[in-house]
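Enquirer: As a plain string of letters, each chain reads:
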Amino acid sequence: MHRDAASTPEPAGGVPLTASGGQDVQCLSFLFHDEAYALPLLRVREIVRFSECTRVPRVRPYVRGVVNLRGTVVPVVDLAVWLGQPETVVTPRTCLLVVEAAGEAGTATLGLVIDGVDQVLDLRSEALEPPPSFGTLMPPEFVAGMTKAGERFVYLLDMDRLLAEGGLLRGTSARGHVSSLVSQAHGDGR
Amino acid sequence: MNVPAAGRIGRVSPATVKYPHLLFTVLDVVYALPLLSVQEVTTLDVVPPARAATDALIGSHALRFQSIPLVDLGVVLEQRRITTTRTSCTLVVPGGPSQANTPIGLVVEAVNGVKSLPPSDMTPPPRMAMLGHGQIVAALAASDGGFIPVLDARRIAACADVDAAVRAWRAAAPEASIPALE
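Residue numbers (the numbering used here), protein chains in the order written: chain B, 1 to 190; chain E, 1001 to 1182.
The hints are simulated quantities; they were obtained by calculation from the structure and are not laboratory data. Take the hints with a grain of salt, since some may be wrong.
Claimed, not checked - Dumping the calculated SDA-like pairs for lysine to any residue here, alpha-carbon to alpha-carbon at most 20 Å:
| # | chain 1 | residue 1 | chain 2 | residue 2 |
| --- | --- | --- | --- | --- |
| 1 | E | K1018 | E | D1152 |
| 2 | B | K148 | B | L121 |
| 3 | E | K1115 | B | T54 |
| 4 | E | K1115 | B | N68 |
| 5 | B | K148 | B | P132 |
| 6 | B | K148 | B | D118 |
| 7 | E | K1115 | B | G71 |
| 8 | E | K1018 | E | R1081 |
| 9 | B | K148 | B | P130 |
Required output: the full structure, derived from the provided sequences and hints.
Expert: Structure (structure tokens):
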């Protein structure tokens, strides 16, 4: 977001964008349904090739299953389904972005299905613009900001907000979250 | 005479298989049940229900002197019916107290075999975004780089889909649950 250079940058995606000493924070950008998103590199535990996962019965449709990551159970989340889109098509470039995020019940490790890894970006909070209010797949409340990288815009995901308010862990759909925001707004207006 | 599940799929020696689990396929996913929780494995022989019932209820099965309800495990697990083929069979598991302990036939796509799944290889399933309150996956057993969901027969029998199917089966043919020969 556009901020005064003298002000303290707000944490984005759960990690302060500008580290002590004024250094840039490295973010990993990735492709997701024809859009580029980014997460602070410190939040990314690893990137694994997505081949297949074990389906688990009686979970929300956006949980594609679980993978065995060296003995650890990692739930695989397809954000596209959570956003009401068709399931992400698996191609040879499809990866699993294993991220850590702080939810209501503590830190959660989960794998996000992405269309491919793009690049590592050095992001500075001053370079971030506010996200557009429409036109993106991801609701703007889960985007900490956006920046231009080459010819395309990259949206910095707010992973903690996605988990805490988006209800990924609770099982609320993105549509449900947006509806609740709308009803809250109507309630405020009365 | 009850034929043990293991007897239907080959000899299983307790010495070689310490933690025997029956592996079976439902909607292309391999699941496991502790072998001792399966009363027997039978071929799929369906008597369709007299009237339209729940999605999970396939019909009845004549298990020697008793008629038992046949429940599609695909509907219970993923709300989708399985496609029955010549490899499809029925796992007979004990019914719960609410079902008057009537055995229940769980229809699966195929039985794969028996495998030892020690407790050390099992981890609890993720609680993330679970649907409903009934958790029928008892654990995830690490196997060949992936996981095998280990189900709990008692929890399956107690879950709402199966309970509704058994009730519908009783309502459709109340005499079916009464043994034909005593």
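Enquirer: Next, verify each hint and record whether it holds.
Expert: Evaluation of the provided hints:
1. E/K1018 / E/D1152: holds (18 Å)
2. B/K148 / B/L121: This hinted pair holds, its Cα atoms lying about 10 Å apart.
3. E/K1115 / B/T54: holds (18 Å)
4. E/K1115 / B/N68: Holds: E/K1115 and B/N68 sit about 19 Å apart, inside 20 Å.
5. B/K148 / B/P132: holds (13 Å)
6. B/K148 / B/D118: holds (13 Å)
7. E/K1115 / B/G71: Judged against 20 Å, a Cα distance of about 19 Å means the pair holds.
8. E/K1018 / E/R1081: violated (33 Å)
9. B/K148 / B/P130: holds (12 Å)
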